[in-house]
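Asks: The chain contents come next:
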Amino acid sequence: MKAIDTSRLAVQAIRRYPMRTSMLLTAVAIGVAAVVLLTSIGEGARRYVTGEFAALGTHLLVVLPGKAETTGGGGGAGMMIGETARDLTLEDAMAIERIQRVAQVAPIVIGSGTASWRQREREITVLGTTTEMLEIQHLSMRSGSFLPEIDMDVASPICVLGDNVASEFFGATAPLGQWLRIGDTRCRIIGVMDQAGTAGPFEVDELVIMPVASAQQLFNAPGVFRILVEAVNQESMAAARREIIRIVAARHQGEEDITVVTQDAVLDTFESIFDMITMGLAGIAAISLIVAGVLIMNVMLVAVSQRTKEIGLLRALGAKQRQIISLFLTEAVMLSFAGALLGLLIGELGSRLLGVAFPVLEFVAPLWAMAAAVLTAVISGLLFSILPARRAARLDPVLALAGR
Amino acid sequence: MMRLRQLCRDFQVGDQVVHALDHVDLEIRSGEYISVMGASGSGKSTLLNILGLLDRATSGTYTLNGADVSTLDDNALAEQRQENIGFIFQSFHLIPRLTAVENVELPMLLSGTPVAVRRERAQEVLEAVGLGARFDHRPDQLSGGERQRVAIGRAIVMKPSLLLADEPTGNLDSRSSTEVVEIIEQLNDDGISLMVVTHDPDLGERARRHLFMRDGKIISDDGDAA
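Protein chains in written order, with the working numbering: chain A, 1 to 404; chain B, 1 to 226.
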C-alpha cells in the first residue's frame, strides 16, 4: 500500500468521527500549549533578569584579592573562595586606572560601623569608594551630590546616604549639611541616593558612602575590598583583564594573586539558572502530553472496536497485519500532529496575551521548546497507539467480519 | 484447482469441542458453479471461510492451484486472498465514507496498484456490473441491489479465480436478487469459479453442482457424478 493512500484512508477515518477527532485534538493541543506558555514565561523571566543585569554595566570587571581556583563560569563561587593572599591597595587601583583600555576605576572598601545623629543610632554598612562608582553602577542621586572628584588617597569628612539610611535617621528633616557620627569620626552629608535596591552585591539603600581613603582610616585597614573596573568597550574586556592581571602581578613581586571576574561570568550563571527553570517548566508541561497519550490510546482502542467489521473486510480483501497497523498509526500520528499545531497556535496566542497583560516581560517560547513539544506529542501519540493498532491487526478476520 | 483432504476445523465452545468441519474431502475444478446448502450450524460458512483463507484448518490439507496453503503464514495468506479470492457478503460490507468507485478500488489500493491504473480498472468493473453512472455515489445513496453490485465489482476487480458468495441475496428484494444472481452467473460463464452459500433453495438449485452439509460433513454432492 502506498503512503499517500494510507494517509488518505486515515484522513477519511479522521473526518468520519468528528467527536473523537476534536477530543484528541483538544487533549494534545492543551499539552503543547502548556509547554509553549510555561516556557515562554520562563524565557520572559530570563530575558528580564539578564536584561536588567546587562543594563547595570556592560563592560564591568571586578578585581578581587586572592587567586581563585576556578575562574570563568563560576564567578559567584570564585568571589567566595578567593583566598586573601595579599591586600589590594589604592596604589594598585591607580595603576589599573592608567591602563589604556580602562575607562574608569572605583576601588571599594566596605565595613560596618555604628552611625548616630542626635539620639538616633543604628548599625550601618559603610562603603568607601570614589566618584566613578556613581557611573559604573548606574546609580542616581535624589538630592545633593555624590562624592566629589578628589584623589583616591585623600580622605575627606563627607558622606552620601542610601535612601533608607536617610529616611530612618532624618525622617522629615533635610539631611543635607547635617553631620553624621560614624564610630569616632564625623562626616558631613553632601547627598542622598535615589532608591536603588540592589546594585551588584550592595544594598545601596542601606549604605553610607564616603571617600575610599576616609573609609580606610575609619576601619584602619590599608587594603581595598575589591576594585570595580570599567573597560572602554566590550571588545577590550579580555585584553583589559589580561593587562590588569599582568600589571598587578608586576606590582606584587610577580605573583598572580588576584582574581578578575567579568560580568559575563555572572550573567552566564544567571542564564544557566534560568535555562534550568525553563526546562523544568517544559518538563512539567510535557507530563500533560503523556496524559494526552493515554487518552489517545483509549480513544484508539474504542476506534478499533467501532471499526471491527471494516478491519475484517480489509483483511478479507488481502490487507496484511502490517498494513492495518500502519493505518491506525498513521491516523494517530496525524491526529497528534494536528493537535500539536493547534497547541502551538493556542500557546502563541496565550503568550501574546500575557505580553499585553505584563508588558515589562517579553514572552517568547524558545524554539527548542516548541520543537520538543511537537515531537513529544507525535511520539506519544505513536507509542500509545501501538497497542490499539496491534490489537486491530490481530483480530480474527472471520470474527471481525461478523462484528465480534 | 482446489482440493480439501480430510479437513477438520474444531472450535472450542466452553469445555466442548465443536467439529464445524469434520474430515471433509472436496475437489473444486476451475470454472465450477457450486451451491452449498444446509441448516444453520451445519458448517457451510466455515467451509467458505476455509476456502477463502480467512480461517485455518485444525487438521487436514488444503491445496490451492497446486500449492499447499495450510501451512502459509498470515502475510502469505493475505497475498493469496488478494490474488485468488473474491468475497461477496450478505451485508455488502462497503465502507460508508468511500464512494462506489473508491470501494471498488480498495483491494488495488492495498496491493499498491498505481492510481491511474486503479481508477480506470475500477470504472471498467463498475460499468461491467451496470453502475456506470454511479461512480461517485456513497453507499447510503445507493439501493441494496446497487450496493451488492458495488461489492461484486470490488470482489472481481483483482481478477480472482474463485468467487465466494455468502447469502449474496439475503438482504435483497426479489428483483435486485435476480439482477445480482444474473451478474455473478455471467461472471461464472466468463470462467471464474463460483461458490454460493445459501439457505434459499431456489438460488441453490441454479448451481450446476450442489453440496448439502450437516454436522460438519458433506452429506450429498452431485458433482463427482457429473
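In short, the hints are calculated from the structure, not lab data. Note that beta-carbon positions come from the ideal geometry of N, C-alpha and C, so glycine has one too. Careful: at least some of the hints might be erroneous.
Label pairs and their in silico Cβ distance ranges [stated by the list, open to error]:
1) B/Arg214 to A/Ile290: 28 to 36 Å
2) A/Ser7 to B/Gly14: 55 to 63 Å
3) B/His19 to A/Gly283: 57 to 65 Å
4) B/Asp68 to A/Thr26: 47 to 55 Å
5) A/Pro18 to B/Glu83: 35 to 43 Å
6) B/Gly191 to A/Gln12: 47 to 55 Å
7) A/Asp396 to B/Ala39: 21 to 29 Å
8) B/Asp140 to A/Arg352: 51 to 59 Å
9) B/Ser220 to A/Asp396: 26 to 34 Å
10) B/Asp140 to A/Thr26: 48 to 56 Å
11) B/Pro201 to A/Thr26: 28 to 36 Å
12) B/Ala133 to A/Pro18: 25 to 33 Å
13) B/Lys159 to A/Ile290: 25 to 33 Å
Asks: Decide, hint by hint, whether the structure agrees.
Replies: Consistency of the hints with the structure:
no.	hint	in the structure
1	B/Arg214 to A/Ile290: 28 to 36 Å	violated (57 Å)
2	A/Ser7 to B/Gly14: 55 to 63 Å	violated (44 Å)
3	B/His19 to A/Gly283: 57 to 65 Å	holds (60 Å)
4	B/Asp68 to A/Thr26: 47 to 55 Å	holds (53 Å)
5	A/Pro18 to B/Glu83: 35 to 43 Å	holds (37 Å)
6	B/Gly191 to A/Gln12: 47 to 55 Å	violated (35 Å)
7	A/Asp396 to B/Ala39: 21 to 29 Å	holds (24 Å)
8	B/Asp140 to A/Arg352: 51 to 59 Å	violated (45 Å)
9	B/Ser220 to A/Asp396: 26 to 34 Å	holds (30 Å)
10	B/Asp140 to A/Thr26: 48 to 56 Å	violated (29 Å)
11	B/Pro201 to A/Thr26: 28 to 36 Å	violated (56 Å)
12	B/Ala133 to A/Pro18: 25 to 33 Å	holds (31 Å)
13	B/Lys159 to A/Ile290: 25 to 33 Å	violated (49 Å)
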